[in-house]
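Engineer: Protein chains in written order, with the working numbering: chain A, 280 to 357; chain B, 78 to 155; chain C, 146 to 229.
Heads up, some of the hints might be wrong.
DSSO-like mimics (lysine-lysine), calculated; alpha carbons at most 30 Å apart, straight line [to be verified]:
| no. | chain 1 | residue 1 | chain 2 | residue 2 |
| --- | --- | --- | --- | --- |
| 1 | C | LYS171 | A | LYS304 |
| 2 | A | LYS304 | B | LYS151 |
| 3 | A | LYS353 | B | LYS151 |
| 4 | A | LYS353 | A | LYS304 |
| 5 | B | LYS151 | C | LYS171 |
Please keep in mind that the hints were generated in silico from the structure rather than gathered at the bench.
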Amino acid sequence: MGPEFVLGLVLILVGTVASAFPRPKTYLVQLINLEIPAWGLLLVMLSYNEALALLTFGGVSALSTFIYVRVIQKREGT
Amino acid sequence: MNELLILVFGAMVVLGAIATIISRDLFDKLISLGIIVAGIMPFLADRGLLDVLAATALIAPLSTIFILMAIRRKKDGS
Amino acid sequence: MNGYEIALALCGIIALYAAVRVVLEKDTMRKLPFLNVVSFAISGSIVLLIPHPLAIVAAAAYFVGSTLESNAIASTYAGGPKDE
Numbered sequence: 280m281g282p283e284f285v286l287g288l289v290l291i292l293v294g295t296v297a298s299a300f301p302r303p304k305t306y307l308v309q310l311i312n313l314e315i316p317a318w319g320l321l322l323v324m325l326s327y328n329e330a331l332a333l334l335t336f337g338g339v340s341a342l343s344t345f346i347y348v349r350v351i352q353k354r355e356g357t
Numbered sequence: 078m079n080e081l082l083i084l085v086f087g088a089m090v091v092l093g094a095i096a097t098i099i100s101r102d103l104f105d106k107l108i109s110l111g112i113i114v115a116g117i118m119p120f121l122a123d124r125g126l127l128d129v130l131a132a133t134a135l136i137a138p139l140s141t142i143f144i145l146m147a148i149r150r151k152k153d154g155s
Numbered sequence: 146m147n148g149y150e151i152a153l154a155l156c157g158i159i160a161l162y163a164a165v166r167v168v169l170e171k172d173t174m175r176k177l178p179f180l181n182v183v184s185f186a187i188s189g190s191i192v193l194l195i196p197h198p199l200a201i202v203a204a205a206a207y208f209v210g211s212t213l214e215s216n217a218i219a220s221t222y223a224g225g226p227k228d229e
């Protein structure tokens with residue numbers, strides 16, 4: 280168990296709790312808090328030395344952020 | 078990477094996560110998210126995954142800019 | 146402890162000090178220069194960590210990305226481009 284693994288687990292736990300109960304309860308705060316467990320998962324993948332998984336996860340994370348932003352805009356716009 | 082550097086960069090990641098959760102302003106949250114990314118980068122460099130590092134360093138601001146698009150739309154609308 | 150390790154430790158301590166200053170600062174606009182200091186220190190420590198010729202490309206990519214992020218945050222905070 281390297282330091283990356285422990286750090287990633289701490290980040291996943293803290294970020295999941297913060298994303299489930301956001302303090303000002305808006306969609307944007309929840310979306311920003313959702314980025315914290317994404318980086319924690321990236322650290323856990325790093326501790327297993329999976330280069331292809333890291334590349335794919337980085338791309339998909341940015342893409343899903345874009346889709347969430349479009350959904351939030353559509354929901355708050357109307 | 079020796080123990081001092083692991084301690085320093087791990088403290089940066091944890092500090093950024095706590096600041097992201099605690100702060101109420103959306104811009105403060107995005108700046109603290111930048112500190113988390115800055116703390117993760119040396120762990121990626123220590124494993125020698127340089128292509129993953131370059132890809133992640135270019136994808137992380139893209140994700141921030143997507144969130145900024147939603148924040149700007151919300152500021153204009155209200 | 147040779148010269149590389151001393152420079153690396155100095156970069157890490159500068160990055161941690163700037164991160165603490167960012168967290169403790171109240172004004173949002175005053176946070177951004179310290180975020181740039183963090184980006185300088187991390188770019189230097191990436192180059193010092195791996196002795197590989199491709200390391201400078203990765204450090205330059207991180208530097209460009211971080212500067213772009215800071216500029217985008219500052220531009221949106223100031224009201225965005227007034228084009229319309």
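Engineer: Looking back at the numbered hints, which does the structure fail to meet, lowest number first?
Structural biologist: Per hint list: zero violations.
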